[in-house]
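Protein chains: 2
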Amino acid sequence: MAAYKNKEIVLAQHPEGIPTSDTFQINDIEKPDLLDGQVLLKSLYVSVDPGMRGFMDKGTDDAKGKKFEIGQPVTSRTVAQVLETKSKKFKKGAIVHGRLPWKIEMTSDVDDLEIVDESLDPISTAVSLLGVTGLAAYFGLVKIGLPKKGETIVVSGAAGSVGSTVVQIAKIMGCKVVGIAGSQAKISYLKDDLGADAGINYKETADMEAAINKACPEGVDVFFDNVGGNLFDAIFANINQKARIIICGQIADYNSGNPPSGPRPQHDLIKYSARMEGFVVFDYKDEFDEAKKQLAQWYQNDQLKYKENLIHGFENIPDAFIGLFKGENIGKQMIQVSEPE
Amino acid sequence: MAAYKNKEIVLAQHPEGIPTSDTFQINDIEKPDLLDGQVLLKSLYVSVDPGMRGFMDKGTDDAKGKKFEIGQPVTSRTVAQVLETKSKKFKKGAIVHGRLPWKIEMTSDVDDLEIVDESLDPISTAVSLLGVTGLAAYFGLVKIGLPKKGETIVVSGAAGSVGSTVVQIAKIMGCKVVGIAGSQAKISYLKDDLGADAGINYKETADMEAAINKACPEGVDVFFDNVGGNLFDAIFANINQKARIIICGQIADYNSGNPPSGPRPQHDLIKYSARMEGFVVFDYKDEFDEAKKQLAQWYQNDQLKYKENLIHGFENIPDAFIGLFKGENIGKQMIQVSEPE
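These protein sequences, in sequence, are chains X and Y.
In this text, residue positions in the first sequence follow my numbering: the first is 49, and each later residue adds one.
In this text, residue positions in the second sequence follow my numbering: the first is 49, and each later residue adds one.
Next comes chain X alone, as it looks inside the complex:
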């Protein structure tokens, strides 16, 4: 039997621009002491998301949660298994999920952990399709976008984890869907696998505004934005009266320092009586159960496909995170740390 090995990954320094391997440091750590009321967990699946970049800057003023501190483990949505328990809430062997530190094994209070319903879908989906990723797609599109049958929807970052789910929900709702992504493989995935009506590879398109105009001859009713920046402007220039613009992510700007400048949208918001709205999934936490059931049902009915970009090995978490900003992923970036027992 191998000697006990535990590791953690901490924030080594605040990144400037896109994170690098120097942003993180892997440390050997001891087996933690299990206190009354706690559980000892083994990490199974770790989710990494572009939005985590915002927690890596200096300062503590983020309204949505505590920033990561130098020398402290990074945290992200994780599926884990209970190895030992001193809590009545979870039995040994239970599969749970929560926002957990990047450690192979860890103790945790149980308040912020939730049980994974193993009857629904593969347990990794607890932090992807049935986690914040799928929920962001669902609530952003359904509750903010209010899409109506026959309307035209443009999705930026359409081959990413949130975007690919938005594309499919919009198709289920009877909309015309145009996806924007950054490679021919992604465009093929959008059109051939997910049913998008059209796809535009922004990396090979000189005039995005004209390309969107051509792909959306009736204009853009709903714009689900995962990207921001100049791509936002090109899509925004094609909105219809009463357009709804869902601001979900701004991957183009996460690494660009304090707020980038661009054309002010106010004039066009008046001209088109349009609405721009930001959100995080936790705004809708009272409706999580209902949304998870709907997402699981679509998944089980094959109406909603779901692709994991699964990397193996705890040590590869930083690279998997950094890779998000290279625009190479199709589907949800996940790291499998270990197998459930």
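A few of these clues could be false.
When chains are identical, the list treats them as one kind, so a pair holds in a single copy or across two.
As the list claims (entries may be wrong) - Listed below are the simulated BS3-like cross-link pairs for lysine-lysine, each with C-alpha atoms no more than 30 Å apart in a straight line:
id : residue 1 : residue 2
1  : Lys-106   : Lys-290
2  : Lys-191   : Lys-319
3  : Lys-290   : Lys-219
4  : Lys-219   : Lys-319
Keep in mind that the hints were calculated from the coordinates and are not lab data.
Based on these hints, arrange chain Y on the given structure of chain X.
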């Protein structure tokens, strides 16, 4: 009896920046021929609004209405009296309102004219408090802002025609109201006459962001924006979670050519789960009657004060319009062309 005199004011040239007297030209014109189905009207009250500036640029692509053409009369919201009638819809002597050309006397088709309910309020209010001005304040604040009792509301351009109405409706709804305006006289008007909880003179305030922070210790829940530009940024920097930002006017930018640049709001829209929404009153035209009754009732109960900045004389319409951009007005800018008979 004086010889018959009729005049029109046409767009002489497209303004660059703020309009000047050269933008307009006054012409003598003949008495028009009254056709079957038409009425002959005499202009009583002409309303001028900053938003008209948008119709004076070159081009015809404005989504909300036709742009003004060189050599053609400018149009704006006008109260008029029927001098002669060849229509069953209106009797001689009736007081009507509509978007009418700047002419002393004119013929008009009757489809776009509405009768003024003289029982409600002074007839001039048909194109101010009970016209697009009051309706913009009402629908913007009530339908988009969704203010709740005890929330903090900041209004830019607060002493203007729309802003002063927003301030008072927000007070009726039990909110804390902070008004931004550009002179000490306006600040006194906001606080002493309209009941605003605080007022900030932006012309005498070096750090607007800090001043708003001080005036709104609990943050800004609703931001009713009539101004745009840098003032927008200073107020936006103080928004709360779930803030609602009503984009009503952008007087800072109407004269600045194609869209000005500024810090992108997307990141903060996500951070605060906030919403920015533009509108024009005609989005709510099915609800006009209900809103007019409510506004008239508040007015009659002395809960809603209403100030006209009344200028006399047809020839003074251009100066009254140009004056809107000098920031000197308190209340609604109106021109009385003639007395009703």
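Results of checking the hints against the structure:
1. Lys-106 x Lys-290: So Lys-106 and Lys-290 pass the 30 Å test across copies only (25 Å; inside, 38 Å).
2. Lys-191 x Lys-319: Answer is both: 23 Å inside a copy and 18 Å across each meet the 30 Å cutoff.
3. Lys-290 x Lys-219: both (20 Å within a copy, 29 Å between copies)
4. Lys-219 x Lys-319: Classified as both; 28 Å inside a copy, 29 Å across copies.
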